[in-house]
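Asks: Quick mapping for you: the protein sequence lines, in order, are chains A and B. Under numbering that gives the first Met the number 0, residues 0 to 426 are what the first sequence spells out, in order. Under numbering that gives the first Met the number 0, residues 0 to 321 are what the second sequence spells out, in order.
Since the hints were derived computationally from the structure, they do not count as laboratory data. Check before you lean on any hint, since a few could be wrong.
No more than 25 Å apart at the CA atoms, straight line, and that leaves these computed lysine to any residue pairs for SDA-like [to be verified]:
1) Lys308/B x Glu391/A
2) Lys92/A x Pro24/A
3) Lys11/A x Leu204/B
4) Lys176/A x Asp144/A
The chain contents come next:
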Amino acid sequence: MKRSFFGFIKPKLTYEPITDSQPEPVYIQAPQKIRFLLDTPEASDGVPALSVGDQVKMGQRIRADADGGDYALASKAGKVTEIAPFIGMMQAKQTAVTVAVDAEASQTADDEFKEKSQNPSLDVARQFLQALPGKPDFSPFFNSDRLIKAIVILGLDRDLLSTTNQFFVKTGIESIKTGIDILRKITGIHNVMLAVPESLVQVAGASGAGVKTVDSEYPAAHPQLIVRHVMADEIKGGGDAGNADVAFFSAEAVSAMGAAFNTGQLPMNKLVTLISKSGNKRLVCATIGTPLKDILNRFNETIQDGDRIVFGGPMTGVAVYTTEHPIQPDTDTIMIQDRSQIPERQDVACINCGECVRVCPVNIPVNILVRLLAADQYEEAVSQAELDACIECGLCDYVCEARIPIFQYITLAKTTLERMKAEESNA
Amino acid sequence: MPEPIKLTVSHAPFWHNGSQVFFKNYHILLATLLAVIPGLLKYGAPALSVVTLSIASAMIWELIMNYLTRRPISIGDGNAALLGMLFAMMLPATTPWWVVVVGTFFTIVVGKEIYGGLGGNPFHPAVLATAILMLSWGSYFDFNEALVNYQFDFNPVYPLALAKSFGTGAVEGFNSLDLLLGRQVGGIGTSCMLGLIIGGGYLMLRGYIRWEIAVSFMVGMFVTAFCFHQANPEVYASGSFHLLTGYSLFGAFYLATEDSSSPVNFIPMLIYGALGGFLAVLIRNIGTHIDGVVFAILVINIVNPIIDKIRPKTLRKVANYA
């Protein structure tokens, strides 16, 4: 984690390999209260999809806006007790829906998916499965600008320390195989690849998909880099590159998808790698929507003022501000940092040491970029410093000697530009 | 309901490799001691007073500028002290106090603070100050004159001045070992070449200075001097002589490698360093100045932004993946 003694050696951050001694995941008891975060703000036209006091069934889709948009799947049946606006990363407008869970005996399931699952199709998948554990994203298949030529299943974890997806490859290759067969059937794409770290190549062979080995050095598992290094032939083959593209699914999503279509039941348990203050790693299996504090109580983790809780890994995660924060479909990792472990940040000018430039996996001139961003010149940052090529791995920030929050500058610039663009197209 | 816990919230990444500006400056400062201490032993108390005055006045100038520009107090990061040290290292031991204070004024105020402080300076601040002083009060940089009252057990003539005026024949008395061990006159911290090499080597190994620049500077210098020497061995001294005299190694390790005024990409670093070495020998051999290192580094500082445009192609995204 620290800088190497010999400065000319680049810092090497390696992904956590799953070990043979990996203990079984710990199951967290069904929570009393579940909560879902939806990416859409509450209905502006006054037609909410749900209101407080409504009864939801297990597996029912929960929306903030009756017209559509992002949905969550109720992981337990219960009664809606609260619908409130929620401010996410970079002031994203979200909605938080809280459900008081019914007693185990009176749990009722929603049958809508069960009927439709008889005829698996992409439409059904998009309507019901986007909020499965692992958060499968079917939108690339509905984007007419892009021609999906291959599907890559990530049998590895995007961020450091996490072993969530590797666990699925290691222990559940059969269910991944089922998922792959269904994916092939509903998308008609036969070129499916399973990307795994070196240690899992043997196991991955049983999936029936092509196996690609991905380097253990961060950020090799980033989809952009996998496309570039591992899939170069697949997407360029045939000469009609242009809009040729790849769709990505996590191993967890694929196995959940397989289970969903096979049984007609929607899997609702999310596997999470929990990293305690002392660095202990545990796999935890919890119902989606479980508040974080239920998990912390289970392991007697004490949290004090000034500590930091990160959803996602150490490089790309998101720090949350309350222990009420729920487990979401894409929460692969939860990291808890003691306040003494939090590195100090500064806001000084770039000293031009060039560490960031040499560490950047896509060769962005970060030293130029950070000057433009600090001066709020976002459009110039795109035209002169390749802001749009950034894959958001966080390495520049990690090595910054002046301790500038470079990654935060980048995120802020990107969201600002996106919002400007959205406003222009609305106007 | 109990008071909710106040968690720390910040943007990713949540780890840092631990490096800091402070560490870098203090490491460089410590490495310079390897060359400064032999200088202090050789020149005695006057040298010590120059070094301490230079460091102290540099820090005071920085503090004054911090107050004037209403910016956070930055003398704690060690950069002002380091610049004061580097400036003092280039001076003869008998430099009058007011030259030191004026020099650190140019170093800190004109060389660094008016550009916005650390990281904003287009030139190495100490090089800029030295160049200004050399052009304004050149006689204080005449090592023969400045050190005339010292008794040395070696040839007390500044080797570069001798080579410039009388050709290679006059410097045959200097052997490389003596030069390496600092048995020559020169700046307080620039004449003990062994100290510079050990200090510079340590810094390169630890990554506090970029080895690409230092190495290419020395190679550029050696190759250019070697070509001159081959063309006319009687007039132009050999490559090793040039490397081991004047500000050569000091320039390679401590001046050319300054972060803000040097390139960050690999190929530009090599061009930058080699160009510096080449120009330094060119100025020494056919220019009017005795030592060209200071001016050569000013020139490469100017071209740095242009050379640094040579960079590897950015890998564009194929599409956006969440």
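Asks: Starting from lysine 308/B, check that the Cα of glutamate 391/A is at most 25 Å away, please.
Replies: Between lysine 308/B and glutamate 391/A the Cα gap is close to 23 Å, so the pair holds against 25 Å.
Asks: Lysine 92/A and proline 24/A: Cα distance at most 25 Å?
Replies: Outside the cut-off at roughly 34 Å; violated.
Asks: Sort out whether leucine 204/B lies within 25 Å of lysine 11/A, counting only the CA atoms.
Replies: Given that 25 Å is the threshold and the Cα spacing comes to 17 Å, the pair holds.
Asks: Take a quick look at whether lysine 176/A and aspartate 144/A sit within 25 Å of each other, Cα to Cα.
Replies: violated (29 Å)
Hint compliance for this structure: hints 2, 4 are broken, all remaining hints hold.
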